[in-house]
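**Student:** Chains B and H are the protein sequences, given in the same order.
The opening position of the first sequence corresponds to residue 1 in my numbering, with each subsequent residue numbered one higher.
The opening position of the second sequence corresponds to residue 1001 in my numbering, with each subsequent residue numbered one higher.
It should be emphasised that the hints constitute simulated quantities derived from the structure, not laboratory data.
Hints may contain errors.
With a cut-off of at most 25 Å between alpha-carbon atoms, the simulated DSS-like pairs for lysine-lysine come out as follows [as the list claims (entries may be wrong)]:
1) K4(B) x K1145(H)
2) K1151(H) x K6(B)
3) K1009(H) x K6(B)
4) K1145(H) x K1006(H)
5) K6(B) x K1006(H)
6) K1145(H) x K1009(H)
7) K4(B) x K1151(H)
8) K4(B) x K1009(H)
9) K1151(H) x K1006(H)
Derived list of chain B stretches under chain H, where covered just means 3 residues or more per stretch with a C-beta under 8 Å from a C-beta of chain H [said to hold, decoys possible]:
10) 7-20
11) 97-106
Because the structure is a prediction, the values reported are computed rather than measured.
The beta-carbon is built from N, C-alpha and C at its ideal position, and this holds for glycine as well.
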Amino acid sequence: MAGKSKGILRILTVVSIVATLCVYVVVGFSVYTLTSSIAGTLMDLTGAPEELFEATTDPAGGLTLTLRFTAKNPGLMEVSAASNLVLLSVDGEVIVEGSDVERIPSGSSRELVVSLHVSAEDAEMFETSPPVIRLQFECRTLLDLIGLAISIEIGGEAPPP
Amino acid sequence: MASMRKIIKAVLSAVLCITVLVVIPNVGLQYLFQSIPAEMLPFVEEMIPLHGIVMAMSVIGAVLAILSFSSNMVEDWSPIKLLSSIASAFVSFYLFLLLLGLGDPSRMGITQLSVEMATIIWDFRFFIILQLLLLGISILSAIIKFYLARKEYLAGR
């Protein structure tokens, strides 16, 4: 009985040490992957913000706003990158919303495209009260179990033409 | 009476705790504050309560050093050893929660930082679950170790 318990104790000790080390290594790899992906992508976003948005007007007066940017993954693990774009009224009411998700293997990049269609009535309203643009960029790794997101709100400013 | 080897082991383990959790974080904080521009300091402090985190780490380091010292000074069959091991496991778990929550353990792995018009959110709940499993394994291991040592001690009396 004592021999069996000693064996279990030895296994538990080894499992505990290996599991602790694994947790810390995985935490390190994941944090590095997430922060490098977010930072790498945001560097490009801040570099050329005017090229991010593309607005086209249809004959009926409606507006199509397209957000296009390249998400990078210089990290060590695959990430799932998601972008979410929301146009809010000054009261905080969601006018229109869209998102795109891409899986990016380690060391590569993918383009994320979000298209929003704004009706002619709303587009006309934007001239008097510009919408709040909320852009959220999220990266998840380790089978999407952990994630890091950044959300930016540009309040009351009209999107670049 | 504790042997010399036991005393050295207890002192070394306590010194290691103090070095890792008290000395290094405090020196690192001083170095960080010297290396970043002075006008950035209020901004950094507003985002992350670095002083609070380092202070909490120092207190936890002192507590872990005391627990480690007392645990190493007594025999394996002593209830003090069992209690110290269990308390150390809980304190270590609390430290993990504190670090992942950037100074607020109640966030349980989901932390949100607001900087002017941007918000950063991280979701590390999975690591909390893993750490809870490790806590369970540590406690189980301490109980089995105590049970075996106690049995051997009682048989030999």
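**Student:** Now look at each hint and say whether the structure bears it out.
**Tutor:** Structure-based check of all given hints:
Between K4(B) and K1145(H) the CA atoms are separated by roughly 12 Å; this keeps the pair inside 25 Å, and the hint holds. Simply put, K1151(H) and K6(B) have alpha-carbon atoms about 12 Å apart, close enough for the 25 Å limit, and the pair holds. About 23 Å separates the Cα atoms of K1009(H) and K6(B), which keeps this hinted pair within 25 Å; it holds. Our distance criterion of 25 Å between C-alpha atoms is met by K1145(H) and K1006(H), whose separation comes to about 18 Å.
For a cut-off of 25 Å, the pair hint linking K6(B) to K1006(H) stands: about 22 Å separates their Cα positions. A C-alpha spacing of about 19 Å is found between K1145(H) and K1009(H), which places the hinted pair at or below 25 Å, so the restraint holds. Among the hinted pairs, K4(B) with K1151(H) is consistent with the structure: their alpha-carbon atoms are about 14 Å apart, no more than 25 Å. With a CA separation close to 28 Å, the supplied pair K4(B) and K1009(H) exceeds the 25 Å bound.
In summary, the hint linking K1151(H) to K1006(H) is supported, as the alpha carbons are separated by about 22 Å, within the 25 Å threshold. Here's how the segment 7-20 of chain B fares: 8 of its residues keep a CB closer than 8 Å to some CB of chain H, so the rule of at least three is met and the hint holds. A stretch counts as covered by a chain when three or more of its residues have a beta carbon under 8 Å from one of that chain; for the segment 97-106 of chain B and chain H the count is 0, and the coverage is violated.
Checked against the numbered hints given earlier, this structure breaks hints 8, 11; the rest are met.
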